[in-house]
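S.K.: Sequences listed follow chains A and B, in order.
The numbering of the first sequence is my numbering, which starts it at 1 and goes up by one.
The numbering of the second sequence is my numbering, which starts it at 1 and goes up by one.
Keep in mind the hints are simulated off the structure, nothing from the lab.
Treat the hints with caution; some may be incorrect.
Unchecked claim - Here are the simulated lysine to aspartate or glutamate pairs, EDC-like style, with alpha carbons at most 20 angstroms apart:
id : chain 1 : residue 1 : chain 2 : residue 2
1  : B       : 3         : A       : 66
2  : A       : 202       : B       : 20
3  : B       : 24        : A       : 69
4  : A       : 202       : A       : 65
5  : A       : 202       : B       : 17
To be verified - Far from chain A by the CB rule (all over 10 angstroms, computed), these chain B residues:
id : residue
6  : 2
7  : 59
8  : 115
9  : 150
10 : 206
11 : 292
12 : 294
13 : 302
14 : 327
15 : 375
Note that the Cβ used here is the ideal one computed from N, Cα and C, for glycine as well.
Below are the chains, spelled out letter by letter.
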Amino acid sequence: MKIVVCVKYVPDATGDRGFNDDGTTDRESVDSLLSELDEYAIEQALKIVESGVEAEITYLTVGPDDAKDALRKALAMGGDNAIHVNDDDIAGTDALGTSLILAKAIERAGFDLVICGMASTDASMGVVPAMLAERLGVPQVTYLDEVTVEGTTVKGGGTVKGRREGDVATELIEAALPAVVSVTDRTGEARYPSFKGIMAAKKKNVEALDLDDLGIESDQVGLSAAWSIVDTATKRPPRAKGEVVEDEGEGGVQLAGFLAAKKFI
Amino acid sequence: MAKAPAFDPMDPLGIDDLLDPEDKAIRDTVRRFCADHVTPYVAEWFERGALPDVRELARGLGGIGVLGMTLDGYGCAGTSAVQYGLACLELEACDSGLRSLVSVQGSLAMFAIHRFGTEEQRRTWLPRLAAGEALGCYGLTEPDHGSDPASMRTHAKRDGDDWVLSGRKMWITNGSVADVAVIWAQTEDGVRGFVVPTDTAGFAAHDIKHKMSLRASITSELTLDEVRLPADAVLPDVVGMRGPLTCLGEARYGIVWGSVGAARSCFESALEYARTREQFGRPIGAFQLTQAKLADMAVEIGKAHLLALHLGRRKDAGAVRPEQISFGKLNNVREAIAIAREARTILGANGISLEYPVIRHMNNLESVLTYEGTSEMHTLVIGKALTGLDAFH
Numbered sequence: 001m002k003i004v005v006c007v008k009y010v011p012d013a014t015g016d017r018g019f020n021d022d023g024t025t026d027r028e029s030v031d032s033l034l035s036e037l038d039e040y041a042i043e044q045a046l047k048i049v050e051s052g053v054e055a056e057i058t059y060l061t062v063g064p065d066d067a068k069d070a071l072r073k074a075l076a077m078g079g080d081n082a083i084h085v086n087d088d089d090i091a092g093t094d095a096l097g098t099s100l101i102l103a104k105a106i107e108r109a110g111f112d113l114v115i116c117g118m119a120s121t122d123a124s125m126g127v128v129p130a131m132l133a134e135r136l137g138v139p140q141v142t143y144l145d146e147v148t149v150e151g152t153t154v155k156g157g158g159t160v161k162g163r164r165e166g167d168v169a170t171e172l173i174e175a176a177l178p179a180v181v182s183v184t185d186r187t188g189e190a191r192y193p194s195f196k197g198i199m200a201a202k203k204k205n206v207e208a209l210d211l212d213d214l215g216i217e218s219d220q221v222g223l224s225a226a227w228s229i230v231d232t233a234t235k236r237p238p239r240a241k242g243e244v245v246e247d248e249g250e251g252g253v254q255l256a257g258f259l260a261a262k263k264f265i
Numbered sequence: 001m002a003k004a005p006a007f008d009p010m011d012p013l014g015i016d017d018l019l020d021p022e023d024k025a026i027r028d029t030v031r032r033f034c035a036d037h038v039t040p041y042v043a044e045w046f047e048r049g050a051l052p053d054v055r056e057l058a059r060g061l062g063g064i065g066v067l068g069m070t071l072d073g074y075g076c077a078g079t080s081a082v083q084y085g086l087a088c089l090e091l092e093a094c095d096s097g098l099r100s101l102v103s104v105q106g107s108l109a110m111f112a113i114h115r116f117g118t119e120e121q122r123r124t125w126l127p128r129l130a131a132g133e134a135l136g137c138y139g140l141t142e143p144d145h146g147s148d149p150a151s152m153r154t155h156a157k158r159d160g161d162d163w164v165l166s167g168r169k170m171w172i173t174n175g176s177v178a179d180v181a182v183i184w185a186q187t188e189d190g191v192r193g194f195v196v197p198t199d200t201a202g203f204a205a206h207d208i209k210h211k212m213s214l215r216a217s218i219t220s221e222l223t224l225d226e227v228r229l230p231a232d233a234v235l236p237d238v239v240g241m242r243g244p245l246t247c248l249g250e251a252r253y254g255i256v257w258g259s260v261g262a263a264r265s266c267f268e269s270a271l272e273y274a275r276t277r278e279q280f281g282r283p284i285g286a287f288q289l290t291q292a293k294l295a296d297m298a299v300e301i302g303k304a305h306l307l308a309l310h311l312g313r314r315k316d317a318g319a320v321r322p323e324q325i326s327f328g329k330l331n332n333v334r335e336a337i338a339i340a341r342e343a344r345t346i347l348g349a350n351g352i353s354l355e356y357p358v359i360r361h362m363n364n365l366e367s368v369l370t371y372e373g374t375s376e377m378h379t380l381v382i383g384k385a386l387t388g389l390d391a392f393h
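Let's have the full structure, built from the sequences with the hints guiding it.
M.R.: Right, here's the structure in full:
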């Protein structure tokens, strides 16, 4: 079978991130890297193969030249090859446009299972997996804490099964392949790229595609085609000093009052 | 003209730009491994003078591929010398004891077997040592023979086809936890190396207590009491001091880089402290004396780092000489100690607390200064190379 893992190259969440004047993400002043939440998707793809499912793993990203770093890191963790969609007209594309590009690239590559992280660590919208499933016309099984694949054959078929922890219930969900899943950061720690993996990744193929290759017109994507735009952004104010409760015999009551006022209890 | 990139206090000279993507990827993996598995705990290990689960640690290091990483085949990653150096830098930025574990396993035990061993010896030991499933140690130094190892008293005698080893080895990193020891001993033909499984009768290891340095590292004394080994235990491809000294050259090379890591960690602590610690109503980093210290530290770290990279590039080109490694070790360890001491003064009383890494690095570097060739010996090696006159033989 064929597994496509969608990964995103994002500004380092530990850096001092900001926006450009047009409301797009500032990618210049902060180093970027493979979105940490996507590492969990990569890990699950590798685990599926290690569980005995015969599969080719392809990583897919949409992003500028440097986004190939994210693909190299993914390939260093394992997997077989990668696709990098890169086009000047893509800058400023929102989630809806991104899902269009991803869907076209995935259809072109062929797939049985698409695995995404639960959200990106920059925009954090978490909507791309669902949009992608709609565009591809396949089932979506999102926010999984556990994922397995069963019953696949060389001809395809099989099911993907997963567990989703909700506030009030745990759902066990399954879908017939082909399908799109997204996995959470509770699926298990992602592996480190090993030195052998890093050396081997140099030799793995990264296919470069542009909008023409995918049959997408430039006015379908980019900032001008975006349905969601950043109107204004305000820097988060510095954290205010905490409230100190002096315990003069009434400390417990005061603490409970504080928590109740914040609706924690 | 292109705009110059922003100034990075942690890389003021932009040395990162001299590295390949794979170099950085390897460096990042080691950095992350240390941050996840060692840095949060290492001060406590140092305080207790123990490595609580050295086997688990070794498996973790083996998992990322750091053990014997420059060697080819047998489960080793086959990286460049520069990449090994970058790994050593990150390991020692964490703790010199961690880098020592890796140096001894890879550059000494595994390198000796890989370079001088039989195919059988390589197949038996290297894959397990590379994976961290087995631990190795290296016995050259003796209680009475440090800088002058050629006068060692440990000896191996033939008895039929067998070899019988007797003697003592001192200051042996990983000694009491090792599964295999590479032991150098006098024979009728000269000094030879032996691959000794540590469960062989007559082999014993006792940990050295009361160390004030490398406390997060296991250091042992080995006693070899009529250790009987089969004929094929000897390393066939080397006779004489060239064998042990070639291995030491590998380990010294790692120290050239590692000491930059220890210095960087001290500098980071001092810089952060200088920016946030306030006295006389302003951060102490605003005072000229503190800025002079920080600037000098950054200058020396930059020079040491470039020197390490230069030697690494030469090593990868097969052009590095032992005198050049001595040059690197002498300078970089000397400067690292000076930086650790300077950092300690910026931290004031906190400079002696294990809450900060500075005093731990400072104490560790006292060992690094003398092991794998004392600074005096490296000075004399350079002196001999410059003058053509041997001052120590």
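S.K.: Hint by hint, note whether the structure agrees.
M.R.: Cross-check of the supplied hints:
For the proposed pair residue 3 of chain B and residue 66 of chain A, the alpha carbon gap of about 18 angstroms is at most 20 angstroms, so the pair holds. Note on residue 202 of chain A and residue 20 of chain B: the hinted pairing holds, with a Cα-Cα distance of about 11 angstroms set against a maximum of 20 angstroms. Only pairs whose Cα atoms come within 20 angstroms are accepted, and residue 24 of chain B paired with residue 69 of chain A is accepted, the gap being roughly 11 angstroms. For the proposed pair residue 202 of chain A and residue 65 of chain A, the alpha carbon gap of about 16 angstroms is at most 20 angstroms, so the pair holds.
Note on residue 202 of chain A and residue 17 of chain B: the hinted pairing holds, with a Cα-Cα distance of about 19 angstroms set against a maximum of 20 angstroms. Every beta carbon of chain A lies more than 10 angstroms from that of residue 2 of chain B, the smallest distance being close to 13 angstroms; the non-interface claim holds. Chain A leaves residue 59 of chain B outside its interface by the beta-carbon criterion, the shortest separation being 13 angstroms against a cut-off of 10 angstroms. Non-interface status of residue 115 of chain B relative to chain A is upheld: no Cβ of that chain comes within 10 angstroms, the nearest being about 20 angstroms off.
The beta carbon of residue 150 of chain B sits about 36 angstroms from the closest Cβ of chain A, which is more than 10 angstroms, so the claim that it is off the interface holds. Separation of residue 206 of chain B from chain A is adequate, the least Cβ-Cβ distance of about 34 angstroms exceeding the 10 angstroms criterion. With a minimum CB-CB distance of about 28 angstroms to chain A, residue 292 of chain B clears the 10 angstroms threshold, and the non-interface call stands. No beta-carbon of chain A is positioned within 10 angstroms of the beta-carbon of residue 294 of chain B; the least distance is around 22 angstroms.
Chain A leaves residue 302 of chain B outside its interface by the beta-carbon criterion, the shortest separation being 20 angstroms against a cut-off of 10 angstroms. Chain A leaves residue 327 of chain B outside its interface by the beta-carbon criterion, the shortest separation being 28 angstroms against a cut-off of 10 angstroms. Its beta-carbon lying about 32 angstroms from the closest one in chain A, residue 375 of chain B satisfies the requirement of being farther than 10 angstroms from that chain.
Comparing the model with each earlier hint shows no violations; every hint is respected.
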